[in-house]
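Undergrad: Residue numbers (the working numbering), protein chains in the order written: chain U, 834 to 1255; chain A, 5 to 347; chain Y, 1053 to 1242.
Be a bit skeptical, because a hint or two may be false.
[Claimed, not checked] Below, in silico cross-link-like pairs of lysine-lysine (BS3-like), each with a Cα-Cα straight-line distance of 30 angstroms or less:
#1 U:Lys1227 <-> A:Lys120
#2 Y:Lys1065 <-> A:Lys346
#3 Y:Lys1211 <-> A:Lys67
#4 Y:Lys1127 <-> Y:Lys1090
#5 Y:Lys1079 <-> A:Lys346
#6 U:Lys1229 <-> A:Lys346
#7 Y:Lys1079 <-> Y:Lys1147
#8 Y:Lys1127 <-> A:Lys67
#9 A:Lys68 <-> Y:Lys1147
#10 A:Lys67 <-> A:Lys295
#11 A:Lys183 <-> Y:Lys1211
#12 Y:Lys1127 <-> A:Lys68
#13 U:Lys1145 <-> A:Lys120
#14 A:Lys67 <-> A:Lys183
#15 A:Lys183 <-> Y:Lys1079
#16 U:Lys1145 <-> U:Lys1229
#17 U:Lys973 <-> U:Lys1077
#18 A:Lys295 <-> A:Lys120
#19 Y:Lys1090 <-> Y:Lys1211
#20 U:Lys1223 <-> A:Lys120
#21 A:Lys295 <-> A:Lys183
#22 Y:Lys1079 <-> Y:Lys1127
[To be verified] Chain A side only, calculated, beta carbon under 8 angstroms to chain U, not exhaustive:
#23 Gly42
#24 Pro45
#25 Arg145
#26 Ala164
What the hints contain is simulated information worked out from the structure, not anything from laboratory work. Note that beta-carbon positions come from the ideal geometry of N, C-alpha and C, so glycine has one too.
The chain contents come next:
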Amino acid sequence: MSRVVVRGGDLRDGAGHHGRHDLYLLDGTIEGLDLGGRVDLEVDAEGNLVTPAFLDLHAHLRDPGQEVKEDLASGLAAAAAGGFGTVVSMANTAPVVDDPGIVADLVSRSRAIGKARLRPAAALSRGMRGEQLTDLSALKRAGAVMITDDGVPVADGRLMRSACEYAAELGLVVQTHSEDPSLRADGVMNEGVVSQRLGLPGNPDAAEAVMLFRDGEVARLTGARVHLAHVSSRRGLEVAAWLKASGAPVSVEVTPHHLTLDDEALEGFDPLYKVAPPLRTRADVDHLRRALATPVIDSIGTDHAPHTLAEKQRDMLSAPFGIGNIEVAFPLLYTELVAAGVLPLERLLWLLQDGPARVMGWGAPRLDSGHPADVVVIDLEAVAAVDGGKFASKAKHTPWQGAELSGWPVATLVRGELAFTR
Amino acid sequence: MGTAAAVSTAAVTQETSPVSTTPKPARHTRRHLIDFQGWQPDELMALLDTADVMAQVLTRTIKKVPALQGFTVATLFFEDSTRTRLSFERAARAQSADVIAFAAGSSSLKKGEGIKDTLRTLEQLQADLYVVRHPAAGVPRQLTRWTDAAVVNAGDGRHAHPTQALLDAYTFRSALAIKPPEGAPLAPFTGRRLAIVGDIEHSRVARSNVELFTKLGAEVVLCGPATLLPRELAQLPGVTITHSLEAAVEGADAVMALRLQRERMSSALLPSEAEYVARYQLTERAMRLAKDHAIVMHPGPINRDVEISSDLADGPRSVIEQQVANGVSVRMAVLYTLLVGKR
Amino acid sequence: MTPEDAAEQLTYKSTIMSVEDIDRALKRIAHEIIERNKGGADLAVVGIHTRGVPLAERLSRLVEEYEGTKPPVGKLDITLYRDDLTEIALQPVVKRTEVDFDVHGLRIVLVDDVLYTGRTARAALDALIDMGRPASIQYAVLVDRGHRELPIRADYVGKNVPTSASEVVHVRLQAVDDSEQVELWERQRP
């Protein structure tokens, strides 16, 4: 029997703002408020926000096979440090997660590690080669919660359709990386006046818009729940909004970096800012921010994509795409959106809690008794500079190094156990 | 002299004495030449003036000065280019600098060594300045983060080739005998028009010339087929774009033809060489709409009778040979400017 | 004082040559040049930028006045021959050298305003010799202020002025400065 109290925090969840209470956790489940009595662990949350730990439907933990960039231990620790209680890990590893044995191994290893919960995604096509379907039902039985070739677009419409038909039948969510490969070509940054000035090959927003449309139509055709990952542009969001309005069963995700960085970040030719889909224009960022308060956007997913420093110090053409951000995602968004008055706190929390839960068909995260004891305590006031050197993630080099942010998680509990303290 | 009163009168006279016209030494903060971002027109004109002096050195019997003795210049050419590399090496040697040539072909780069690691090995040579050419845009900028030495960009991907633009501006200035106009001392190319014709999309020469010439006050017109002419460049100040060769050349003081690479013609970007030649080849006839004194330029090497007709390339308007010769003087000026007075 | 002088914290001390003193000195030097070289034949005058140039022009005209032929005048910029370019923290502006005659076989008189350490003269000798092989090189200065660091001496001196290291000699010439005299200034220690 293990009893924990989170004392004196300001409680909020998707059901409302509950005010100052002591939250009691018993054996991995939420017991109730202000119960009193003996506890095994006391977490001081005086003056802090207490809210359900966040859900990230989109993180690359690089395990198995790419452990030099990140592994389950460092990735799940980093997630907990970022206030996340559950992570859906992507399948573009080495080997690709296209076999039930790999899924089962991920599930058991992550249980042993503790920290944030792992819910693995499995690949849509064998080896992510975009040719043959994987064995979706076996993968689901082994513990996969989502099907995706994320990292790579599914170029062949027929394959996408088949995958969606199976996934619909099995009740699996299909997450897409929506970029048309032929329009995307060899682009390393957003195609626009900045890319033309810098002389870097550009990736136009049309590549995203075209593929979002295709993926949405296939969703409508098959009835599958299709989650449109990392929508990055105004045009892409307009297409997604139209798809929803016309009844396609799609959900929409945006990332922290697409909400805070624009293509001018590439002026220093630093591959730290090289990501797919690329950082778009200032106008795109502003549009995405405005859309956060509307039903067009269902969730914020980090798309945490760590690489080694050596890889990110190659030249702009050969460096890999991706930004590692899971530990700074909440403070970054809190500081730039909520503290700046652009977005209400409830809406940011919703996009990290209820929104993703609904996408996956999971129960809404709540602080009511009976719910899993996945709770994060956040200090909304104290300002601290980002120090990548102290990250739990192996990717210590961050675009936000030195940024003064507030909204830092001070403690994260998962299954009633302390997964992180600052 | 005499009494204190007389001295103080003399002192008063001194204070009203006007400033002498000797140019005072400048503390240049310019550490690198990657592109022209942040460079001021007066710094750029000073570079061209220094190139003038260097050109003189190259006319003497002893084409050498000891100015850079004790400095080491390393050339890092990750992309082959004998002409440009030799031009830089000559510019360094003419000022008595030591030169170390790093040939990318034989380097460990092919085995997958990153640029940062390559640089680390080279740092032991203690070069004061690196001249870098690389097929990926941004590498010279990246190198400035990893070394204390000065970095000169000799061409990075499609991004920039600043010394080419400088020698083009130098040639333009001297061929047209341009003196700064009254009332606009910082914009010596005000009222002038440069037309650049060809594959603009893939050209670092075009991008650097756009940047430099507009900074110096000129209008730049870019011309080429739609697939090779990015529309976004029209958003840059001083730049217009057109797909008509006639419209581009009309009223131009100089027309620059860019080399058309044969690979473009096999890709989806151009229908055929004949089509390009028919619409965009620079010829005597096309030049009739330019100003009477207009010159014809080309960064070289030329594809005869593709982007430029043979008779135009060899004719009286052509300054193509001067461009090559001016390359050494301009690069001498760049090396001098980035190395001297930086301790 | 100029804004630069104020920034350097220089204060005026005295005027050591008036406009008449300068004129007399140049006339005397011109006569000495003619005497030493046994006439004006094969003579050329090369002024070191900046103030050596108008002095060279004036000497050339004086020789013409006394001898009837005007020796050609050249302008020499020695920046690229300085011995301190790897050490200095300010970048000297490089100016044009204009020596439009062949120096081979000529008697060159190098002209400068102030002779101090001798390093400028050394650089000027190297620059000149890189242009060809003169028959001889002589050196004329308006003011010799002592403190030589190299074995250099002037053949013709307008005025010897003993100075201390904290003093600065400012030569003002009408062609360049809008006044004409030689001044002694003191560098203040802050």
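Undergrad: Need the list of violated hint numbers for this structure, in ascending order.
TA: Hint check: 2, 3, 5, 6, 10, 11, 15, 18, 23 and 24 fail, others pass.
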